[in-house]
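A.B. asks: As a plain string of letters, each chain reads:
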Amino acid sequence: MTPVTFDGCFGWLHAPRVGTGGDVAVLICPGLMQDALLSYCSLRLLADQLAAAGYWALRFDYPGTGDSCGDGDMRDAGGHWAAWRRSVDVAADWLRAATGARRLVLCGLRFGGSLATVAAAERDDVAGLALFAPVVRGHSYMRQLFIEGQLKSGRPLVKDKDFEYREFRFSPTALAQMSKVDLRQAKLRPGQKVVILARSNATPVQDCVRAWTAAGVGVVSLGWEGLEPMLRHGLTDEYTLPDFTGFLNWLRSAVPAAGAHTAGPPALEPAMLRPPGCIETPLRFGDDGRLFGMLCRPDRGVTETVVLICNAGRDPHYGGARQGVALARRLAAGGIASLRMDFAGLGDSLGPPGAENVLSHIFANRVPDIHAALDTLEQIGFRRFAAQGLCAGAYHAFHGALADRRITTLLLVNIPLFTLPGGNVLGYLERRSLSPLHYLRKLALRENWVALFQGKLGVAATLRAQYTNALTRLRSKAHGLARWLRLVPVQNFAGRALETLAGRGARTLFVFSPGEAEIEAFAREFGRTGDGLRSFNEVAVRIIPGMDHDLSKVSGRYTAETFMVEFVAEHRPPEPVYPPRHRNAALA
Amino acid sequence: MPAERRSLLDLTLAPGTAGRTLSDDGHRVALDDLRQGISLEGPLSALRGRSVLIACEDQLTFTLAALALDGVARRMLLCPPDLAAEHLPAVMVDAEVDAVVTDGTGPQPKPSPGVAVVRCGSRILPGSESAVDGSSVDTEWVMFTSGTTARPKMVVHTLASLAGPLEDGVAVAPGTVWSTFYDVRRYGGQQVLFRCLLGGGSMVLSSAREPVGDFLARAGACGITHISGTPSHWRRALMSPAAHKIAPRYVRVSGEVADQAILDNLRQAYGVEVAHAFASTEAGLAFDVRDGFAGFPAAYVGAADAKAEMRIHEGTLRVRSSRMASRYLGTRPQLGDGEHFIDTGDMVELRGDRYYFVGRREGVINVGGQKVFPEEVEAVINRHPGVQMSRVWARKNPITGAVVAADIVMRQEAGGQAGFAAARDGILQACRDGLPAHKVPVSLRSVASLPIAASGKLMRQDA
Amino acid sequence: MSVQTASIRSAVLEQVKLVAEQQKKHLAPLTDALPLLESGLDSLCLAIIVANLEDELGLDPFGTGNDVAMPVTLGDFIRLYEHAG
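Residue numbers (my numbering), protein chains in the order written: chain A, 9 to 596; chain B, 927 to 1389; chain C, 195 to 279.
Because the hints were derived from the structure by calculation, they are not lab data. Just so you know, even glycine gets a beta-carbon here, dropped at the ideal spot from N, CA and C. Treat the hints with caution; some may be incorrect.
Said to hold, decoys possible - Restraint-style ranges between C-beta atoms, simulated for each label pair:
| no. | chain 1 | residue 1 | chain 2 | residue 2 | range |
| --- | --- | --- | --- | --- | --- |
| 1 | C | P229 | B | S1369 | 55 to 61 Å |
| 2 | B | R1371 | A | R512 | 47 to 53 Å |
| 3 | C | T199 | B | S1369 | 23 to 29 Å |
| 4 | B | Q1260 | C | H277 | 54 to 60 Å |
| 5 | C | P229 | B | I1238 | 41 to 47 Å |
| 6 | B | A1374 | C | T199 | 35 to 41 Å |
| 7 | B | A1374 | A | R512 | 55 to 61 Å |
| 8 | A | R512 | B | R974 | 57 to 63 Å |
| 9 | A | R111 | B | P1037 | 56 to 62 Å |
To be verified - Chain B is nowhere near these chain A residues, computed Cβ spacing over 10 Å in every case:
| no. | residue |
| --- | --- |
| 10 | P212 |
| 11 | P306 |
| 12 | R504 |
| 13 | R550 |
| 14 | I552 |
Make a model of the complete structure from these sequences and hints.
C.D. replies: Structure representation (structure tokens):
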């Protein structure tokens, strides 16, 4: 797979195995927000399997999403729908031009399915269309986002005003445009082959099948079995991969890849993005270039400082609500470079041979990946290194700094724990059927849930029952969580570790959202206001009102970014504080 | 000290209040009224020990609030009215703000359960709780540096560090009427405010809404005797036909490099001695120079008896004194080097027995590896009799990275913009005579005006 | 087109002479094959010429965002401007 850029968008081109097919190219249209985060690795796997089956495959990020240029507003681009719809055309044209393929198959997940369907109806080179759990009615989808947005913000949203949710800001016009989408009305062309992979009992899906079949389109509905892991958020379990066999079988017969493909990947311009103030280039590193990160540099001046941005949980490098991208571009504006990387097996980084796509639990040892990233950054010419992470990412950044003396600045957001219980961590967590991160995330929303059930949010009563169940489950888990946290042996590990870091001149910034759950582990070590840290000059703590646990709200996140950028920018170490490439073993 | 500390209000009332006023373009407050009330609508006791953000546009409103809060609040933030809204949440966190005093204008933080809000205004409310009673806590005065796009730094002063420079005896004569182009929330303006309050004078405050000509006319009508501003303030004021409407006995220049041209022009315009001072929000007032010449005597550096000690380190001025701020708020590194000298970032050069300021270290233009300070080039350009003011900036260049370019505002007497063509060669020749080749502007441009930031300094970052 | 390129050529040469005079540099005889570094112009002179040409012709062949190969000879330098036009 090769990183590519076109028209300000970032993507990956997967070339078919030499000797097979090559005249059909598959364009993969991802979902939005959570849908995209959860399925990111699955879509990489899908593209690999398509390539193995003789198809070109391109996956890419729409403008204002993932790594692509553009922000969440899209006003200048004529609204989200217009910009995204246009980008599908640009990607399709680029894909054909780059590969020489004559026919296309559009493949869309969730809202990407809506975009793919409308594009398929309007283009004459689309032979096949594959829809994974597609959004059939834009109106329902917008309504869902609206409710999620209310839960998240804890207050009713005002109609006819801009709707801010995660990385996006939708104007009323933009919302109206997206609400109008209705796939049942899509004028697909007779002869086009369509497969729908969704829960087959969904009425809107059945409506589509009926309407399109009547129009002479060859529609097959294959059900959702085997694909369920695609949109599931497992955190500590060994990940079950989705099974694309049914879809691939359909594709081979519906739109067979023909022709002999003899060339390797086409000659492409080196991938590069130019968001305002930055230059971003993909970076492959580690053994066989298995690891990946996006290197973001200021577009003027020289900087010797680089911040390593670690994955939060299993989110890919661009981060939930694009926080990795947002932080990288703010750092660049402040004259600081960054590498938003994927640990092995996550995002666009491959695991070791034989386990390329096996996602280990989120607290697995990531120190080797951090060493590899710093080695590469050092070779590029960077001399001062910082590590940043959210939640599990903060845990890894912390342990990375303990193991690698090159890291002299730490930015730790909502660090959930400093050390794991000894022994088989995975087994330990499984025995308790608890995944702390998962529930910490959920707990951040708890107050909002409560508000919802007290009727403060005014959400339709029909929805309440659905959420009541979830709330009950959450309460019991929350209880379990507290128990679990107290069971962790306190060995003053965190204090000793910070002492070690401070001793070598490293500085640490802790950033927390004001929730009880977030500060729990920290408070246990250092007291609720960090009194235990008084002796450390090199440690700062900031608790930011309005910031949520996973930094999905732009407002609170902006303040967190301000503190982080300033903290890195203002660190002036006396002189080189480490002999290059010297490391000490991780503190056990 | 806390037991004997006198509050700002106490110190203000001490010299007597007869005939003393504070005024802006809308209101006039008699200082005597402060004996009977305050400008806050809530009880002052609610703000005792709090960290208070004072958010308002008008300087009079701010001044009355500060007079009520000093000695009462734990900390007060002299929030400039133009603080970007996006910086406010970080400011609130760093300063642990738990109360806001506001008239509804200026930066408005989002309502939050832990933060009390008290209304204030530009009138003394009769019968309301007076601030004179009660023990006085040593309130922290938090001032904001004049940032560009980055978040301004918050600098912690005390009443003592801010009042320290006032021991120089300037303007304690009765009947003194002070004014300044500065906003009194900036160090330069705050110094004038304190000179007025503690020295027994009256004060004419400027207003961001008011055109410079109107301000000069108002200041003149109020009979101001002492006035201060930055060189940029003054260059703009001297362009105004209303410049002659004031007749000060004392003119003070600070905040930017004062070149010989502006000192001469001011002396010519007002026929008085012109003092220029070196101060910064962090370092406080280091010294003032009253001999009418640019730069300062080399003997100031290392002088043992000086109020502020000075050192030159790698060409940069460093200052240590009792007037400097104690620290930054937030996670920023502490002020001062190992010996508590503050690095001012201002570069100086020794010529003969005087040091001259050549520019800010971070503003240096790199022309093919050779350094050029915009200020040193501007000083040469400003010497030209047709030039009102100038701004030198770095123009990108593929060969040397940058070359020097200059924007010039011509004097009205020299024909304004139309007079530029005639003056152009003369200005360039002066530069060639007075500067090495790489410092000579490659391009000169005539402009109608130059932007001045809220801090009173020439805006440079967009160049 | 030829008129335009001719005028660009003369504008460039004029600037070369003007700046050399202002900077008190002794110019070698100006031919297309003359290496810029041997022309008598130093990098500051070239920097000034580039800035002046941008003002005068509105041409900035270095500022197009592409990496421009630095001209070696006076001829390269002139052609850079002719092509930018």
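A.B. asks: Verify that the Cβ of A:R550 lies farther than 10 Å from every Cβ atom of chain B, and report whether the claim holds or is violated.
C.D. replies: A:R550 is in fact no farther than 10 Å from some Cβ atom of chain B, at 6 Å.
A.B. asks: May I ask you to check that A:P212 keeps its beta-carbon over 10 Å from the closest beta-carbon of chain B?
C.D. replies: holds (40 Å)
A.B. asks: Does 55 to 61 Å hold as the CB distance between C:P229 and B:S1369, or does it fail?
C.D. replies: The hinted range 55 to 61 Å is violated for C:P229 and B:S1369, with Cβ atoms some 27 Å apart.
A.B. asks: Go ahead and decide if the range 56 to 62 Å is satisfied by the Cβ distance of A:R111 to B:P1037.
C.D. replies: holds (58 Å)
A.B. asks: Going by Cβ atoms, does A:P306 stay more than 10 Å from chain B at every point?
C.D. replies: Non-interface label stands for A:P306: nearest chain B Cβ at 14 Å, farther than 10 Å.
A.B. asks: If I claimed the Cβ atoms of A:R512 and B:R974 lie 57 to 63 Å apart, would that claim hold in this structure?
C.D. replies: For B:R974 against A:R512, whose Cβ atoms are near 44 Å apart, the range 57 to 63 Å is violated.
A.B. asks: Does A:I552 really sit off the interface, with its C-beta more than 10 Å from all C-beta atoms of chain B?
C.D. replies: violated (6 Å)
A.B. asks: Could you say whether the range 47 to 53 Å given as a hint is met by the Cβ separation of B:R1371 and A:R512?
C.D. replies: Check passed, 52 Å falls within 47 to 53 Å.
A.B. asks: Range first: 35 to 41 Å. Now tell me if the beta carbons of B:A1374 and C:T199 are that far apart.
C.D. replies: holds (37 Å)
A.B. asks: Beyond 10 Å from every chain B Cβ: check whether that's true for A:R504.
C.D. replies: Nearest chain B Cβ is 23 Å from A:R504, so the label holds.
A.B. asks: Within 55 to 61 Å: is that where the Cβ-Cβ distance between B:A1374 and A:R512 falls?
C.D. replies: With Cβ atoms ~56 Å apart, the hint holds.
A.B. asks: CB of B:Q1260 to CB of C:H277, is that within 54 to 60 Å?
C.D. replies: At 56 Å between Cβs, range holds.
Violated hints for the displayed structure, listed by number in ascending order: 1, 8, 13 and 14.
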